[in-house]
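A.B. asks: Each chain, written out:
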Amino acid sequence: MKERYDVLIIGGGVVGSAVAREMARYQLKIGVLEKELDVCYETSGRNSAVLHGGFAYDPGTKKAECCVEGCLEFDAVAKELDVPFKRTGKVLVGNTGEDLASLKRTLETGRINGSRGLEIIGEKRLHELVPAVIGNFALYSPNSGILDPFQYTIALAENAKKNGVDYYFDHEVTGIRRLPDQAYELSTAQGSFLTRWVVNSAGLGCGKISEMLGIPGYRIDGSKGDYIVLDKRVGPLLPMPVYPVPSNTYMGIHVTPTVDGNVTVGPNAEYVDDFTYYGVPQKSMDYLAQSASTLWPHIRTSDYIRNYSGILPKWLDENGVVQDFVIEARDEAPHTINLVGIESPGLTGALPIARRAVRLMAERETLYPNASFNPRREGIIRFSEQNDERKAQLIRENPDYGELVCRCERVTKAELLQAVHNPLGVHTMAGIKYRTRSMMGRCQGGYCQMRVARMICEETGCDIRDVLYARAGSSLFTGRVRE
Amino acid sequence: MNAVRKEAVIIGGGPAGLAAAVRLYRKGITDIVVIEREDTPGGILRQCIHDGFGLTRFGEALSGPEYAQRFIDEAEELGIPYLTGTSVISVSPDKQVTTVSRSGLAVWQAKAVVLAMGCRERTRGALAIPGERPAGVFTAGVAQAYINLYNAMVGKEVVILGSGDIGMIMARRMTLEGAHVKAVFEIQPYPSGLPRNIQQCLNDYEIPLFLSHTVTEIHGRSRLTGVTVSQVDENRKPIPGTEQYHACDTLILSVGLIPENELTLDMGAKLDEHTHGAVVDECLQTNVAGVFAAGNALHVHDLVDFVSMEAEQLADSVAEYLKNGELPACLIKTQAGSGVNHVIPQRISGIRDIRLSLRVSKPYQNCQIYVMQNGSAIKTVKVRKAAPAEMIQIPLSKDLLKTQGDLEVCVQC
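Residue numbers (the working numbering), protein chains in the order written: chain A, -4 to 478; chain B, 6 to 418.
Calculated from the structure, these hints are not laboratory results. Don't be surprised by glycine CBs; every beta carbon is placed ideally from N, CA and C. Treat the hints with care, as some may be off.
[Stated by the list, open to error] Beta-carbon label-pair distances, calculated as ranges:
id	chain 1	residue 1	chain 2	residue 2	range
1	A	Ser182	B	His251	51 to 57 angstroms
2	A	Gly186	B	Leu216	24 to 30 angstroms
3	B	Pro213	A	Arg477	38 to 44 angstroms
4	A	Asp161	B	Asn292	58 to 64 angstroms
5	B	Ala252	A	Arg477	44 to 50 angstroms
6	B	Ala252	A	Ser182	32 to 38 angstroms
7	B	Gln398	A	Tyr266	53 to 59 angstroms
8	B	Lys275	A	Gln185	27 to 33 angstroms
9	B	Ala294	A	Arg106	33 to 39 angstroms
10	B	Asp321	A	Gln381	51 to 57 angstroms
11	B	Ile244	A	Leu189	44 to 50 angstroms
[Said to hold, decoys possible] Below, computed lysine-lysine pairings styled on DSS-like, alpha-carbon distance capped at 27 angstroms:
id	chain 1	residue 1	chain 2	residue 2
12	B	Lys242	A	Lys278
13	A	Lys81	A	Lys24
14	A	Lys227	B	Lys187
15	A	Lys74	A	Lys278
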């Protein structure tokens, strides 16, 4: 007899995991089917990592509503889920009369949307905020911020899991069938699952899943953006994200500090058909550096430590115009919540989107609160962020905190062991990296990756051939040198 | 927290740190400690199981671990205290060294600090090689560690980018372990490693070396499936139309080493933009008084023998510093002129015999290296062959030096 779920969520990204966590507040048996081996391999982990203020979206849209709501509440969310977050503020920099008119329109849009504290600032104030910036004036959004998209997505998922949600990795949904008893049967290569409700939060796969649910017709295009990551050396020169004047649908190439002190440069935007190709071409890197250098003059190839790309699933109408988020429960597909075209600002808006999904469900059946729901999640204590006194105390309590494994980011064995035994049971190198920052520094794992790989083998008892970098099939090793 | 006082704290228990410690101890500076982050001393030599080390220093060919063991044995015989499994997390300008280990956080107050942290490898991200990000792309040193220390085989069909020494040594090592090394590609029009390694690691195994070629795209969603290689022009820009696809499951990068200087920077010592190591005077002292640097943390060496010898020279200076409380003022700058990539030391006093270490910026044949001061050559060295892969050392007697006027070193053919 197959286990029967009340809700199965397709896609465990930031939105799917937020939905899982918000639904766990009720007495429901919930599962998440994720095609990758962790929760943040795709769009959720591949973006600018900015908490948006909500001024860039047309008033009345779900994008605007969810963004403003998500932005305003994030201090409390970050605290509850124990994730890094800085309300840095952000500037959109302009130079011409046309730019000024455009920024004033953006400010007005933001004001209508409920984005707080927006103002146009002159050159003097702009350079007080960001001394190195190049520009004559700016729209300043004091409420914008930066977060860690890996940690945030992982925290939502871990909190969901702690509250009883089952996570299934490497489970791509290949078919959906409605059974005579009204339940849905979801097929995967690892077997099929039964559920009363289905949530489509499949991100880049949302169009395909929507069609499987019996709601065809959504045209989803992928907008690919490439990024360069700069060394922490330049981090202090950028106290907040610096953007150009936005167009209607695209925020432009910007420079963004990360919560850990690096700087990212990007993204460009190019429509792509292949939603699995994350390569970064040379011409992109050259273009990003050239373009962003007109905003901020500290981009040098000698500070490059990495590059990456992400793909946003955009819902386009027949004229190719980007549409709003879809958050719907349609009669032709009863007992489904369809989340389509969740692109930017999906990271900022994940919890508001999730609450709207729960509301749609609650309008259709009575939900009973789960009295044991605990909204708090505790992350791994980061040794490098403690003062000397606390460091000494941590080592006294657990000597593994005294073993520095990753030298660049100063990650200890204690943190790595906690990461290897993470609540979601993720055992990839990338999974450990996202949870600890080991291998993320300037030497990119040159010193610590051997120790991390060995720890995965030893702690999980897996064969060396089964140590994976990130995706299924990404074996690090072909075997032992000597058996 | 109470600081433990030491005459000298040596950061790093590799070839530089060990050689400095032994020499210091022999000179009577016994109140010292070597801090090593690994569980055993020896540094990078632990994974260099090939031979060829020690020809200059010991007059015989040793493996890396054997070479390191000579110094470890000597340190142990002398009873030099060293701490393993201990990492330095900060060094303050007044020479307080903070360490962590399983036994806790400790603070050391040193009169002299020796920076001997070695170097790290340049990565794919730093090179910004375009393409996807599959498993199977390793720097040469990481592959070497996996194979020699962790008993983990990294691949079967191998392409190597960069003709650095570790890359060539790994070409041979992987061939011996049954992998097929298809080729080594080097972006420069000349090899970046030593001639002996080209012969012993590539030619002897019929592994082709292609100069003026580089990897222009990496392919593979999960594990590496292949690389695109292009020819480059004289400005090292890929030439369109020359792209060739090579199927492989492993790409080894041997594209340069960078001195490790996070601690150096944090304490406020100046770095040289060419060497990426500290700016030092003829005593190998940084601009922070009492803080010295040697070995690959100072500049990347071609042979470990020179690392040890430089560290021994450093120990002599440290002993003098501890005895006198200061060293001669070094106000004369040395500069890399045409054809020279960098010169160490960057400052000299002009009143002592010194030894300049330098590298040329491209290969030369039958050239002359001039050491100039105040516009005239004070020393000329004839060189039959000079390559960037090899460190050149030029001893300078104090009799040749004036006490004023900067030095410039240049190459002419």
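A.B. asks: Hint by hint, note whether the structure agrees.
C.D. replies: Quick rundown of the hints versus the structure:
The hinted range of 51 to 57 angstroms is not satisfied by serine 182 (chain A) and histidine 251 (chain B), whose Cβ atoms lie roughly 39 angstroms apart. Checked against the hint of 24 to 30 angstroms, the C-beta distance between glycine 186 (chain A) and leucine 216 (chain B) comes to roughly 54 angstroms, which is inconsistent with it. Between proline 213 (chain B) and arginine 477 (chain A) the C-beta distance comes to about 29 angstroms, which lies outside the given range of 38 to 44 angstroms. Between aspartate 161 (chain A) and asparagine 292 (chain B) the CB atoms are about 59 angstroms apart, so this pair conforms to the stated range of 58 to 64 angstroms.
Separation of alanine 252 (chain B) from arginine 477 (chain A) is about 27 angstroms and departs from the stated range, judged on CB atoms against 44 to 50 angstroms. Our hint of 32 to 38 angstroms for alanine 252 (chain B) and serine 182 (chain A) holds, since their Cβ atoms are close to 34 angstroms apart. Taken as a hint, the range 53 to 59 angstroms holds for the pair glutamine 398 (chain B) and tyrosine 266 (chain A), whose Cβ atoms sit roughly 58 angstroms apart. The hinted window of 27 to 33 angstroms between lysine 275 (chain B) and glutamine 185 (chain A) is violated, with their beta carbons roughly 58 angstroms apart.
For the hinted restraint 33 to 39 angstroms between alanine 294 (chain B) and arginine 106 (chain A), the CB-CB distance of approximately 58 angstroms leaves it violated. The hint said 51 to 57 angstroms for the Cβ distance between aspartate 321 (chain B) and glutamine 381 (chain A), and at roughly 40 angstroms that hint is violated. Between isoleucine 244 (chain B) and leucine 189 (chain A) the C-beta distance comes to about 59 angstroms, which lies outside the given range of 44 to 50 angstroms. Restraint check: the Cα-Cα separation between lysine 242 (chain B) and lysine 278 (chain A) comes to about 12 angstroms, which is no more than 27 angstroms; the hinted pair holds.
Note on lysine 81 (chain A) and lysine 24 (chain A): the hinted pairing is violated, with a Cα-Cα distance of about 35 angstroms set against a maximum of 27 angstroms. Pair hint lysine 227 (chain A) plus lysine 187 (chain B) does not hold up; C-alpha atoms about 37 angstroms apart against a cutoff of 27 angstroms. In summary, the hint linking lysine 74 (chain A) to lysine 278 (chain A) is not supported, as the alpha carbons are separated by about 40 angstroms, beyond the 27 angstroms threshold.
Of the numbered hints listed earlier, those contradicted by the structure are 1, 2, 3, 5, 8, 9, 10, 11, 13, 14, 15.
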